[in-house]
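Student: Residue strings, one per chain:
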Amino acid sequence: MAIAVSVAAGEIASSDRRSGYDFMSRETRAMQDDDTANPGMLWVLEGGTLWEKKTGAAGRACADCHGDPRASMKGVAARYPAFDAGKGRPVGLEQRINVCRTDRQEAPALAYESRELLALTALVARQSRGLPIDIAIAARMRPFLAAGRATFHRRQGQLNLACAQCHDDNWGRQLAGNVIPQAHPTGYPLYRLEWQSLGSLQRRLRNCFVGIRAEPYDYGAPELVDLELYLMWRARGMTMDAPAVRP
Amino acid sequence: MDRRTSRRDFLKTAGGVAAGLGLGSVITVVPARATPAEMQEAIRKVVGGARISPGKVKLDLPPLIENGNAVPLTVTVESPMTEAQHVRAVHVFTEKNPQPNVASFHLGPRAGRAKVATRIRLADSQNVIAICELSDGSFWSDSAGIVVTLAACLEDGI
Amino acid sequence: MASALINVPPRAKRGEIIEIKTLISHTMETGFRRTQLGAVIPRDIIRRFVCTYNGTEVFSADLHPAIAANPFIVFSTMAIESGTLVFSWTGDNGFSVTESAAISVE
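Chains as they are written, first to last, in my numbering: chain A, 1 to 247; chain B, 248 to 405; chain C, 406 to 511.
The hints are simulated quantities; they were obtained by calculation from the structure and are not laboratory data.
Ideal Cβ positions, reconstructed from N, Cα and C, are used throughout, including at glycine.
Possibly wrong hints are sitting among the right ones.
[Said to hold, decoys possible] Short derived list, chain A residues pointing at chain C, Cβ under 8 angstroms: (1) A37; (2) P39; (3) M41.
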């Protein structure tokens, strides 16, 4: 049963929400729109190859259980982070892929930001392109959503800034030569021009922590997954555009 | 540009602390830049002593880009691209990158159209120059200026 | 593990000018970056890209570190006959990737 969670004062009104895509230059948008020019598609291509590869002690490929990803993975990325009964908490898409790796393929988990994990995540996320973000908050998810929301609103770091201060209160304004977006994760994993590589939402969140001169949480930390959950919930209903390109 | 300088200075002082923490990651320290004179020298190496006249080639660059890591660039030359009259090559140079050469594209009558697009790196706001070589041995040039900005929340070595 | 995305129209009319888009994964390490401890990260780039059409070179490019990571090159060629377009990228540290695409010209 989904529980309605109200929008607090200061949060962006639902109808005012805009994707980071809208804040980019025409040229960067053009790079994202063309699948033959979007560097993120290189990872999707590689993900397609990995999908077919038998691996681990079980000698299984993703394809063996999931068949054609275009059918089986459609809409999956739009629902993550999702509750994992085994762990008793929400997990991100990268973690879910690793659960399959360790439990089903009996292979070692893939490292965060490794080429293979990014490729598989990109392949799965690509299958949600054009679909609305679909995060439903059942009662058991409420505490994690609340924790993520608290992180978003908490002042942190040497600069003593909360995410909300830039991304809720000052989106659309200039910060150091670029426009502040609203911070909706519609396009992850994405090719960030700054990284010259595809990267995950957690990588981007860690950059934000560095930006406010705070100690970034480790990859896979519950604080980051809770924050991912909050951000995806905050962007619920918005259209996924993975793999996106951002400056 | 002032903001970029102060960020570099911050990184240089922070670098010592970070090294002590044993962080093995990368920072970008922009080295001494090429000068316009070095660019002219690089052009001479490609063009020889031939005279370069402005015209015929068109260089398309956005006037402002959010990140210098991937700037779309298109060079076009109006040419019938026949055996008798075609573009042999187009060369691209920058004024302020650490090194002035960007690329040389070799065409010829099989190209059909003298138009090449790619993405380049620009270390700073600067001028970019394109020089085309025609089948009659003449050289023509075009230049475009571009402003390069930078995002606020970067990786900064972590 | 380099992947390449090539976009060539599978069919064209004789004499038609076709646009070819190529995208290859490569970090194009400039040789100007340093680690936190000051050591230079050595240059590692793709230096040359060549396209042949039924064995004849129709386009090539000499690349320098200023070409963005995951090099993207768009160029044209005249569809003169059916056959195979072969694309090859070569560079530092023995980097060598070859891909091909068939084209049917009527």
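Student: Hint by hint, say whether it matches the structure.
Tutor: These are the hints, each one checked on the structure:
no.	hint	result
1	A37	holds (6 angstroms)
2	P39	holds (4 angstroms)
3	M41	holds (6 angstroms)
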